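Enquirer: Chains as they are written, first to last, in our numbering: chain W, 12 to 94; chain S, 31 to 190.
These are calculated hints, taken from the structure and not from any lab test.
The structure presented is a predicted model; accordingly, all values stated were derived computationally and were not measured.
Don't take every hint at face value.
Computed from the model, here is a short list of chain W residues facing chain S with C-beta under 8 Å [stated by the list, open to error]:
no.: 1; residue: 17
no.: 2; residue: 26
no.: 3; residue: 54
no.: 4; residue: 56
no.: 5; residue: 58
no.: 6; residue: 67
no.: 7; residue: 78
no.: 8; residue: 80
no.: 9; residue: 82
no.: 10; residue: 86
no.: 11; residue: 90
no.: 12; residue: 93
no.: 13; residue: 94
Cβ coordinates follow ideal geometry from the N, Cα and C atoms, glycine included.
Below, each chain spelled out in residue letters.
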Amino acid sequence: MHIRYFAWLRQRVGVAEETVAPPAEVGDVAGLLAWLKARGAPYDTAFEPDAAIRVAINQVYARRETPVHAGDEVAFFPPVTGG
Amino acid sequence: MSVSVQEADFDVAAEIQAVTAGRCDIGGLAVFIGLVRDLAERADGDPPGSMTLEHYPGMTERQIEEIEAEANVRWPLLATRVVHRVGRLEPGDRIVLVIAASAHRAAAFDACQFLIDWLKTRAPFWKLEQAGDAPGRWVDARASDEDAAARWQGSPPTAG
Numbered sequence: 012m013h014i015r016y017f018a019w020l021r022q023r024v025g026v027a028e029e030t031v032a033p034p035a036e037v038g039d040v041a042g043l044l045a046w047l048k049a050r051g052a053p054y055d056t057a058f059e060p061d062a063a064i065r066v067a068i069n070q071v072y073a074r075r076e077t078p079v080h081a082g083d084e085v086a087f088f089p090p091v092t093g094g
Numbered sequence: 031m032s033v034s035v036q037e038a039d040f041d042v043a044a045e046i047q048a049v050t051a052g053r054c055d056i057g058g059l060a061v062f063i064g065l066v067r068d069l070a071e072r073a074d075g076d077p078p079g080s081m082t083l084e085h086y087p088g089m090t091e092r093q094i095e096e097i098e099a100e101a102n103v104r105w106p107l108l109a110t111r112v113v114h115r116v117g118r119l120e121p122g123d124r125i126v127l128v129i130a131a132s133a134h135r136a137a138a139f140d141a142c143q144f145l146i147d148w149l150k151t152r153a154p155f156w157k158l159e160q161a162g163d164a165p166g167r168w169v170d171a172r173a174s175d176e177d178a179a180a181r182w183q184g185s186p187p188t189a190g
């Protein structure tokens with residue numbers, strides 16, 4: 012699974028992207044977030060406030076309950092500010 | 031429908047020409063041009079702050095294409111064009127261009143406004159303001175932009 016981070020979330024995590032292999036019981040976005048946070052610093056505090064973190068799976072907006080699969084590209088980012 | 035995400039500036043006249051070239055069915059174009067405002071908090075006398083736009087390559091184009099497709103469902107459009115710049119920009123620089131073309135003005139005006147309202151809340155761009163050597167500040171999303179986009183929810187299309 013390929014994870015991408017953008018804007019201040021990228022700065023907090025310290026990398027723009029990484030490949031991870033969460034255990035099989037990580038089945039949705041919420042589970043993936045919990046698993047990432049459990050890895051410790053900087054992940055444990057990078058995703059605050061949780062309500063501000065948007066997620067996209069394979070470049071389509073997703074929700075906390077959206078399923079994730081091995082091979083997905085999952086992106087986490089703050090609210091968008093273009094235009 | 032056409033989308034470009036680019037570092038380079040765009041030529042408004044050339045973009046309009048490209049939309050209208052060789053056709054006589056378009057009765058009106060609505061054009062929105064967004065400019066970089068100097069928002070960075072700084073002391074008097076400091077130089078104006080720059081702005082750097084980050085985006086999510088691939089998803090950005092895909093999202094804007096979906097927004098254009100939605101506009102084409104809602105209004106009888108003959109052409110749409112969106113150009114959004116990324117990278118480092120200075121106050122006064124052009125940042126975004128939206129063109130909506132239709133046979134009549136109402137659809138063009140409404141679709142143009144819809145396109146920029148939805149782009150602001152859905153297309154994955156992020157603005158970083160920097161003044162001098164400061165580390166910079168990520169621009170916060172504005173509730174007013176969410177409100178502007180929300181008023182199009184379920185909105186019936188304007189008659190062509």
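Enquirer: If a hint holds in the structure, say so; if it doesn't, say that too.
Expert: Verification of the hints:
1. 17: Nearest chain S Cβ about 6 Å off; hint holds.
2. 26: Violated. Min distance 14 Å.
3. 54: 19 Å, violated
4. 56: 16 Å, violated
5. 58: Violated, because the Cβ-Cβ distance from residue 58(W) to chain S comes to roughly 15 Å (cut-off 8 Å).
6. 67: Cβ of residue 67(W) sits 6 Å from chain S, so the hint holds.
7. 78: Nearest chain S Cβ about 19 Å off; hint violated.
8. 80: 18 Å, violated
9. 82: Hint on residue 82(W): violated, closest Cβ of chain S at ~16 Å, above 8 Å.
10. 86: 6 Å, holds
11. 90: 3 Å, holds
12. 93: Given a least distance of 3 Å, the restraint on residue 93(W) holds.
13. 94: OK, holds: residue 94(W) within 8 Å of chain S, min 4 Å.
Comparing the model with each earlier hint shows violations of hints 2, 3, 4, 5, 7, 8 and 9; every other hint is respected.
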